[in-house]
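For reference, the chains in residue letters:
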Amino acid sequence: MRIVSISENRNLEKRIAITPEIARKYISSGFEVFLSKNYGEHLGYSDESYENIGVKLSDNIKDILINADIIIQLALLSDENLSILKEKQIVIGVLNPYQNQSKINKISVKNINFFSLELLPRITRAQSMDVLSSQANLAGYKAVVESFSNYEKAIPMMMTAAGTIPAAKVLVVGAGVAGLQAIATAKRMGAIVFATDVRTASKEQVESLGGKFLTVEGSDNLETEGGYAKETSDEFKKRQEDLLSETLKKIDIVVCTALIPGKKAPVILKESMIKNMQSGSVIYDLAAPQGGNTAFTVADKIVDKNGVKIMGDTNILNKLPTSASNLYAKNVFNFLINLYDKENKKIKINLEDEIIEKTLVK
Amino acid sequence: MRIVSISENRNLEKRIAITPEIARKYISSGFEVFLSKNYGEHLGYSDESYENIGVKLSDNIKDILINADIIIQLALLSDENLSILKEKQIVIGVLNPYQNQSKINKISVKNINFFSLELLPRITRAQSMDVLSSQANLAGYKAVVESFSNYEKAIPMMMTAAGTIPAAKVLVVGAGVAGLQAIATAKRMGAIVFATDVRTASKEQVESLGGKFLTVEGSDNLETEGGYAKETSDEFKKRQEDLLSETLKKIDIVVCTALIPGKKAPVILKESMIKNMQSGSVIYDLAAPQGGNTAFTVADKIVDKNGVKIMGDTNILNKLPTSASNLYAKNVFNFLINLYDKENKKIKINLEDEIIEKTLVK
Amino acid sequence: MSANLSAIFYLMSGILFILALRGLSSPETSRQGNYFGIAGMMIAIIVTFLSVGNYGTGFIYVLVILFIGGSIGAFIAFRIPMTAMPELVAGFHSLVCLAAVFVAISAFLKPEAFNLGTTGNIKLASLIEMSLGAAIGAITFTGSIIAFLKLRGIMSGAPIIFKGQHLINLFLGLTIIFLIYYLCISQLPNIFWIIVGISFLIGVLLIIPIGGADMPVVISMLNSYSGWAAAGIGFTLENTALIITGALVGSSGAILSYIMCKGMNRSFFNVILGGWGATDQTSKSKNNDQKPVKNGNADDAAFLMKNASSVIIVPGYGMAVAQAQHALREMVDVLKKNGVKVSYAIHPVAGRMPGHMNVLLAEANVPYDEVFELEEINNDFANCDVAYVIGANDVTNPVAKSDPQSPIYGMPILDVEKSKSVLFVKRSLSPGYAGIDNDLFYRDNTLMLFADAKKMTEEIVKSL
Amino acid sequence: MSANLSAIFYLMSGILFILALRGLSSPETSRQGNYFGIAGMMIAIIVTFLSVGNYGTGFIYVLVILFIGGSIGAFIAFRIPMTAMPELVAGFHSLVCLAAVFVAISAFLKPEAFNLGTTGNIKLASLIEMSLGAAIGAITFTGSIIAFLKLRGIMSGAPIIFKGQHLINLFLGLTIIFLIYYLCISQLPNIFWIIVGISFLIGVLLIIPIGGADMPVVISMLNSYSGWAAAGIGFTLENTALIITGALVGSSGAILSYIMCKGMNRSFFNVILGGWGATDQTSKSKNNDQKPVKNGNADDAAFLMKNASSVIIVPGYGMAVAQAQHALREMVDVLKKNGVKVSYAIHPVAGRMPGHMNVLLAEANVPYDEVFELEEINNDFANCDVAYVIGANDVTNPVAKSDPQSPIYGMPILDVEKSKSVLFVKRSLSPGYAGIDNDLFYRDNTLMLFADAKKMTEEIVKSL
Amino acid sequence: MEIDPFIFRLSIFILSIFVGYYVVWSVTPSLHTPLMSVTNAISSVIIVGAIIAALAGASDKIFEISSIFGYLAIILAAVNIFGGFLVTQRMLQMYKKKKK
Amino acid sequence: MEIDPFIFRLSIFILSIFVGYYVVWSVTPSLHTPLMSVTNAISSVIIVGAIIAALAGASDKIFEISSIFGYLAIILAAVNIFGGFLVTQRMLQMYKKKKK
Ligand SMILES: NC(=O)c1ccc[n+]([C@@H]2O[C@H](COP(=O)([O-])OP(=O)(O)OC[C@H]3O[C@@H](n4cnc5c(N)ncnc54)[C@H](OP(=O)(O)O)[C@@H]3O)[C@@H](O)[C@H]2O)c1
Ligand SMILES: NC(=O)c1ccc[n+]([C@@H]2O[C@H](COP(=O)([O-])OP(=O)(O)OC[C@H]3O[C@@H](n4cnc5c(N)ncnc54)[C@H](OP(=O)(O)O)[C@@H]3O)[C@@H](O)[C@H]2O)c1
Ligand SMILES: NC(=O)c1ccc[n+]([C@@H]2O[C@H](COP(=O)([O-])OP(=O)(O)OC[C@H]3O[C@@H](n4cnc5c(N)ncnc54)[C@H](O)[C@@H]3O)[C@@H](O)[C@H]2O)c1
Ligand SMILES: NC(=O)c1ccc[n+]([C@@H]2O[C@H](COP(=O)([O-])OP(=O)(O)OC[C@H]3O[C@@H](n4cnc5c(N)ncnc54)[C@H](O)[C@@H]3O)[C@@H](O)[C@H]2O)c1
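Protein chains in written order, with the working numbering: chain A, -17 to 344; chain B, -17 to 344; chain C, 9 to 472; chain D, 9 to 472; chain E, 12 to 111; chain F, 12 to 111.
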């Protein structure tokens, strides 16, 4: 079995899908690993470090792809590379099947199986493969670090001989995986952290990290069976708006993480609310790639509204590529092992297995 | 008594010497305050916010300076503005008298008194005026935030379903005011923090913040009576080098803060040591303005040596201007009040007072 | 031997018994305490021989009998497995009670030997004392037997309750009092026998409605009763040793059972009055009839951990909810000071966020080198004395290994079950995130500590 | 009144005294304990009257005298300021001792009244008992007087030591023993008087070498001695009440003084043997001879804070060094649960780094709204019951306000001195960063808690 | 002024109750079982009564019914005395402080 | 078989020592002073002896020297009894639990 991966477009994606550590694991599990040259160079993983553990490297992309059994990537391959693929190959990655449906469909007629990992069910057994969790977690952390770095005051309270610097107040919108990590990170830096979410279970979770939960009054639990959020009613939106408007006046930093799977991100911070914020405040919008949680979010730009900086990256993990790659590669490895039939030494696409069934792009 | 301040060169200095809060204090102490237009605009302090509390604003710099009794700045005025000054005026700031000696001498013949606050004695009573402390403190904080933001991995330990992210190891060189705050900040983010210094008293202080102290063996206490560091012997340097070389191999982030007053900063991280560091590591050099603690430091640039990023700002406080200004303004206020003879409503330069005597540039 | 001299010796033996109990109240002095007890007993026996002063054939017989009894006792004591201690105490206890009954009978049959008057004309006070002694002895005898049977598992540990139980007990109790009164005025031997018989019955009725879990309290209480019986006989025989010891055993037994009740969070009166507590108990254990859990308190946990050589801490979401990390750290500090090796085992999905536990432990300044991930530490559980599971649940659930139907099947788990004892700190038996029951709660080596994680940990610190 | 009946009543009064002491060992039951004591005393007195059965003029006199004495006692009890308690106890105590001496004298003069034989021909046992009683009474009398004088400040609290002190005491002690022996064989009244006289002297010599700080221990010890004296007289008079109470007071007093020594970290023997401890003490207090500090322990601190309505915490560099923030937070949690209002006062330069305290308190999760800067909170000290100064020093030093020569002159300080009590947790009397002594340590409302900040705080948590 | 010995015995009885009450108050829970066991062992002082019952009669009538009850009581108590103290001893072995 | 009352008294004495020993072991330090004070007050049971000394003589010789010592002893003990209990009471007022 040959596993391959080729370099992504480095402008859009700095993460890699196979780290040396994981390559070693593949090889000791009986796979061959074949990568494009300079695969991990930008993260400090030299070609030698791969070759030393038995990975083959080549700069012929076509050669690599055509001889592959399993292709592991982050994003979907370019159209050009996609056309090289041949029968019975397997592609694993975060393929964004909603947007790439047509492309994938076109090629999967060749009997190529695409597995898109963001489709993983949120079940306990799938946790070790859950790229959404592992990446969102880092994103939540980094969003806080970025916003602190852009904030022109100090975060923690300091009582000094030259007066007191008050602790910064941070609001985290959406307390999912990313939101919780954001809360934890802001909290440990000494900020006063507030958070809000539509799922009632998140209150206890927020408090378990030392955050203060802002409950939108009279709200039902808007949690789906899978643990995701539902879209909110208009009435709820109104109440949430009122609550946040008041709160935001004294908030210094906002980290937005609210998402609804498969939908555009809900716009939660309206124009009027942002206008009321203090000059100098910072909003980091992790939902930027899905349209943003604020009225002004523009991905990859710092928008200044009356002194409030609003920012968000298309791919914040490019700012933390090493850690993100480590976790991603491990997730994919775990996924592949689950797909692999050890006895017969081949891939077995067992559609009885919820994990395989759900991730297979149809 | 009229206190004035004019905008600094915003490219070099974003801090301001009089915040609205402090302006109010001056006014209620019986001073007049006169500022240049747009004085605090860039920090979100609008001209109105000053005018509302009775500050006068003007865009005629000459007018402002010529009618002043006391001029409060950060850096020394430009040559042009200096020439406007007239007799009996007082200038307070961080004037860098070592470098600006000649300029100052030239003008002080006009019977103008220059007080440079970095000359403040480190005595208890002067703590509330101690700009070095207040600014170094923030610098130490920000240096850590900056280096974390530039580090491509996550700092805290995270044991997750996709594997463990180990905690980053941070080394703080020099455990003065800035160093201690750096230790505290890195520690609270979850890093493992090491620190080293030449003053033996700093061991306990480092440990009081949860850092691990690296003792250079057989070292004497290189502390001056004023609490500053002395220059080290060659033998000491050698031993320190050995210790650090070993340590640095496993360090991810270094924050350098070692200074010797009035001298170039000691070069502590040699070329060989940096070469041994892991690719992806980050060095933030707070000593950059004084020449840097590393062999490669270039102020305001990110130097990449085998994947190790070395950075340092000429004025890191420009990245934290609001907090820094608040503390600076308060320091100056405290200094001025000490200089002011309340009963006779005039400035009294009492050379018996150590604080006044030492800060007066002669 | 003069009466004065023997009185002094009896006093000495009483004091030795006091010292014995005193010694037993702290682990350091406990063995010494036992020796005091032995010494006291020896003095009492020898002095009795000397003051009775009858060295005929009877004396030989007594010595032989003493030897036989002693051998049997010693044999049992050495052979019995350590786990059977409570039932052993109950069993032994029934013997003393029976002995007390026999002494009372003997006194009743031949009062002259004891200076109590003559048969059929016994002194009133003595008659009351001896019939009370016999009754209490008989009650405690059958009571101890029932306790023994329940603990041994020969009889079901479940409370046996029937309607009118309390009424019957009340009736029998009143009957005894009436019979004693009647005995005093009539001096009829038959009445005496009836009293003993009914008392045997009361003993049974009193203990059957008490659940197996409460047996230790019951034994201590029976101990106390027999102390009072001994004191009563002491007054009859005008023997200081019996009076002192009886009063001592009586009051200390009562206090001990009170303390035990408090420790187990039971109402003292419910337990000693048997059936009253029964309703309460059944309702509590409704949801796991067949699966009893061992319920511990902070002192037990402290004791176990203090005497362990290695402890592994397994934190979970409950620790986060309770914000128990600081208390936990403090507990570990104390343990380490006691020379216990402590490490933390972090399951990859413990908590509700990746790295949830790490944040909290870092906040509490737990050194990183004491924190291990699952793969690093999972083998260590087999060699560890105590696993302290604080607010974790799913991540320890062995069903993940065994039951493919379970929602957590296939998740690697922390093998806490392999450690010698497992302490589970949580508020109830309710399940965790995955919503499934955890088999470990019902294991033999598991002690449940039902409480808020922070509170419990703080209490343990106090007890350490 | 029959001897039996009065014996039973004396027993009752003994039991009431036991209950009194029992009650006094916990704040909840203490008042009740006192009432038990009063009841016991009343019973003892009334029974004595009834059993003596002499209702002549003497009886009237006794009643009058009783009334007069009682009035004086009551008057003193109501008038004395609360701060003078220890010396008051010492003073009162001297009276009992003198009373014991008088009773012994009276018995010696007229043994017939007590059934002890006739003058010049007193029973041997009684003679020993009464001369011992008189000697102990006399020793404790003058001892108490000295203790009173020292505590009252009439005599200097400093230990008075001279060469050969121990030898003299030893010699006098032996003399007493010899004289008692001689009294027994000669029955000469003069010897008796000499014994009493020498005993007075011993009392003085025994107490003068003990420092003022140890006086409470001494008083308790004297209490104990007089208990033994009473028990001795009890044997003489064959009075159970005196025996029980004497033994009770004797042993509980001894234990109490032992406990107090332990609490103050003193050697029990050094204290009760007087001078032995003296060398130790002087070396300790060398650097502040005239300035004694009040030395407390965790229990005292816990008690003070638990009963406070508001507490202000003043952390300093020592808290950071000891890493006591977590323990501190826990202590505050417990206090808040007890309904105490707690806030933190942060001095701008506390610690060694700007914001040093803030980092640590945040780490321990102290809510920001409980943390106040100097200007915000400085006025609150005047209304607060306890200031808990943990490892801070310079930032509380009032010399900053008063002495222009001091290196910290002009620094604003936290006015902890204004609070009702100040608890200073630090390891020694050594100065802080500025290197200057802190006057507050020697103030009347300051209690020094010498220990590592973390350890002490943890202990306080335990005592709370 | 002679006092009935009963009064003294009563005093002793009551004081003993107090001692018993206080002496176990502070026992650590881990010692509950051994304490119970030792209390049980101690309660076999009833053997004092048993010996009297067995031997107090005339020495020629050693098989009188009352003596036989005495013998039986002795054997029962003896089992308990030896068994009780020994088993306590065994239990206490477990509580030996491990070496540090 | 008569036992000398002295033996009984001795027993009582010794048991009382135990009681005294245990009863104060657990006292909280804050109660040291009141406890001391109450112990002191209790120790004035010596008044029992004083009353006997004062009144046991023949009623006509009430001013015998031994009686006078008795009277003196009574007055001293009385001061102590009233003063001791009352002052304890006052001290204990301070320990009243504040209302919550
Ligand atoms: N780590 C992640 O990223 C992540 C994300 C989402 C879900 N999960 C899931 O979360 C679970 C984590 O397992 P876990 O063992 O940490 O937690 P868990 O299985 O959810 O168990 C937590 C236990 O803590 C107890 N508890 C709650 N509050 C408490 C308090 N104040 N004091 C004492 N006990 C308290 C609860 O029992 P009582 O109610 O009886 O007290 C509960 O059984 C796994 O099922 C995992 O799949 C993890
Ligand atoms: N904040 C700043 O930026 C800064 C910077 C430099 C200097 N300073 C100076 O530092 C001082 C700060 O005042 P401060 O009151 O916080 O501290 P301090 O005056 O230095 O006093 C600290 C006290 O803590 C005690 N201590 C040390 N370790 C301890 C431990 N483990 N347990 C208990 N106590 C311990 C020491 O007494 P024992 O040895 O008796 O225990 C010492 O007296 C001021 O003089 C200030 O000027 C401040
Ligand atoms: N069992 C498992 O293995 C497992 C693994 C990972 C995550 N999860 C659970 O899945 C759930 C979703 O996690 P996620 O981070 O991927 O979610 P997500 O990224 O889809 O959404 C982020 C958060 O935004 C919230 N949100 C959506 N709309 C909002 C609105 N209008 N206002 C405020 N908040 C809004 C959501 O409730 C969610 O908490 C969580 O409960 C998480 O614990 C479970
Ligand atoms: N009493 C007061 O009021 C007061 C106020 C502020 C600071 N201070 C004290 O002043 C002292 C200096 O503080 P600072 O931060 O201004 O110092 P600084 O900025 O001059 O130097 C920073 C640190 O670098 C260290 N250093 C110098 N050469 C070194 C070398 N070769 N290797 C390693 N470390 C080296 C110094 O010891 C110092 O700790 C500290 O002790 C501080 O506590 C006192």
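Keep in mind that the hints were calculated from the coordinates and are not lab data.
Among the hints, a few may not be true.
Pairs of lysine-lysine, BS3-like flavour, derived with a Cα cap of 30 angstroms [claimed, not checked]:
no.	chain 1	residue 1	chain 2	residue 2
1	C	Lys270	D	Lys344
2	A	Lys330	A	Lys287
3	A	Lys194	C	Lys463
4	B	Lys185	D	Lys463
5	A	Lys194	D	Lys349
6	A	Lys194	B	Lys291
7	D	Lys344	A	Lys185
8	C	Lys345	D	Lys463
9	A	Lys301	B	Lys185
10	A	Lys301	A	Lys88
Check the structure against each numbered hint from earlier and tell me which ones fail, lowest number first. Hint check: 2, 6, 9, 10 fail, others pass.
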